[in-house]
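Asker: For the protein sequence lines, the chains are P and W, in the order given. Under the numbering used here, the letters of the first sequence match residues 23 to 133, in that order. Under the numbering used here, the letters of the second sequence match residues -12 to 101, in that order.
Please keep in mind that the hints were generated in silico from the structure rather than gathered at the bench. Each residue gets a CB set at the ideal place from its N, CA and C atoms; glycine is no exception. Worth double-checking, as some hints may not be accurate.
Stated by the list, open to error - Covered, in the sense of this in silico footprint (three residues per stretch, anywhere, with C-beta under 8 angstroms from a C-beta of chain W), are these stretches of chain P:
id	segment
1	39 to 45
2	65 to 73
3	98 to 105
Stated by the list, open to error - Below 30 angstroms or equal to it, Euclidean Cα-Cα: the simulated DSS-like pairs (lysine-lysine) are:
id	chain 1	residue 1	chain 2	residue 2
4	W	Lys88	W	Lys55
5	W	Lys36	P	Lys79
6	W	Lys100	W	Lys36
7	W	Lys48	W	Lys88
8	P	Lys79	W	Lys88
9	W	Lys88	W	Lys36
10	W	Lys83	P	Lys79
11	W	Lys48	W	Lys83
12	W	Lys83	W	Lys55
Below are the chains, spelled out letter by letter.
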Amino acid sequence: TAGITQAPTSQILAAGRSMTLRCTQDMRHNAMYWYRQDLGLGLRLIHYSNTAGTTGKGEVPDGYSVSRANTDDFPLTLASAVPSQTSVYFCASTLSNTEAFFGQGTRLTVV
Amino acid sequence: AQSVTQPDIHITVSEGASLELRCNYSYGATPYLFWYVQSPGQGLQLLLKYFSGDTLVQGIKGFEAEFKRSQSSFNLRKPSVHWSDAAEYFCAVGAKEYGNKLVFGAGTILRVKS
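Construct the complete structure from the given sequences, taking the supplied hints into account.
Answerer: Right, dumping it as structure tokens:
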């Protein structure tokens, strides 16, 4: 089984440009999450979705937006990238009250 | 606010020695507790989890963790470390009252010396 698939694996993006990080899961999990990982800070929640059609803000939502049109997909969009958004981004999903499953991450560099 | 503290940024142990990684949390609800491991350039793999019941939980790769409510701790242990255990370890906490969103600690990097 594929589990959670993130794309792209890595990307270099010019500041001011927009980009969408893709996340797809095939486990029919109801909840999905986007985290960013930065050295010394662990993983911080950007946005989440408890079920298709709903989204919520996490700890560090500014500069990011998400949508949840269906159960499987949870794209993360940077409307106008800034260098501080250079990070490794992880998508995760859970079934209610169970552990989170993570994708392999997207390494984004904003220059 | 919910928070998770991993006091040790780096730990170095000798191969074959015992290991304990510390995790303390501050939560206004009954927590779910997790330990994840991340090898360089990889995603996060679940080592073990605690939801309820026996406070000593067993995980994969010979790891165990003990939930101590009175100390708000969930420390990870392994009796004999292998060189392949070198990685970064994250403690995470969630709660139904907070929509099951996980809050992560900053991580502990484990180095294993031969």
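Asker: All the hints need checking, so say for each whether the structure fits it.
Answerer: Hint-by-hint comparison with the structure:
1. Given a C-beta distance limit of less than 8 angstroms, the hint that chain W covers the segment 39 to 45 of chain P is violated, as 0 residues qualify and 3 are needed.
2. Residues of the segment 65 to 73 of chain P lying with their CB closer than 8 angstroms to a CB of chain W number 5, which satisfies the three-residue condition for coverage.
3. Judged by the Cβ-Cβ criterion of 8 angstroms, the segment 98 to 105 of chain P is not covered by chain W as claimed, because only 0 of its residues qualify and three are needed.
4. Using a Cα cut-off of 30 angstroms, the hinted pair W:Lys88 and W:Lys55 holds, with the two alpha carbons roughly 21 angstroms apart.
5. A hinted pair counts as satisfied when its Cα atoms are at most 30 angstroms apart, and W:Lys36 with P:Lys79 qualifies at roughly 25 angstroms.
6. Restraint check for W:Lys100 and W:Lys36: the C-alpha separation of about 28 angstroms stays at or below 30 angstroms, so the hint holds.
7. For the hint pairing W:Lys48 with W:Lys88, the CA-to-CA distance comes to about 26 angstroms; that is within 30 angstroms, so the pair holds.
8. At most 30 angstroms may separate the alpha-carbon atoms for a hinted pair to count; P:Lys79 and W:Lys88 meet this at roughly 11 angstroms.
9. This hinted pair checks out: W:Lys88 and W:Lys36 have alpha carbons roughly 15 angstroms apart, not beyond 30 angstroms.
10. For the suggested pair W:Lys83 and P:Lys79, the alpha carbons sit about 17 angstroms apart, so the restraint of at most 30 angstroms is met.
11. Distance check on the hinted pair: W:Lys48 and W:Lys83 sit about 28 angstroms apart at the alpha-carbon level, within 30 angstroms; holds.
12. Of the supplied pair hints, the one linking W:Lys83 and W:Lys55 holds, its CA atoms being roughly 19 angstroms apart against a limit of 30 angstroms.
Checked against the numbered hints above, the structure breaks hints 1 and 3 and satisfies the rest.
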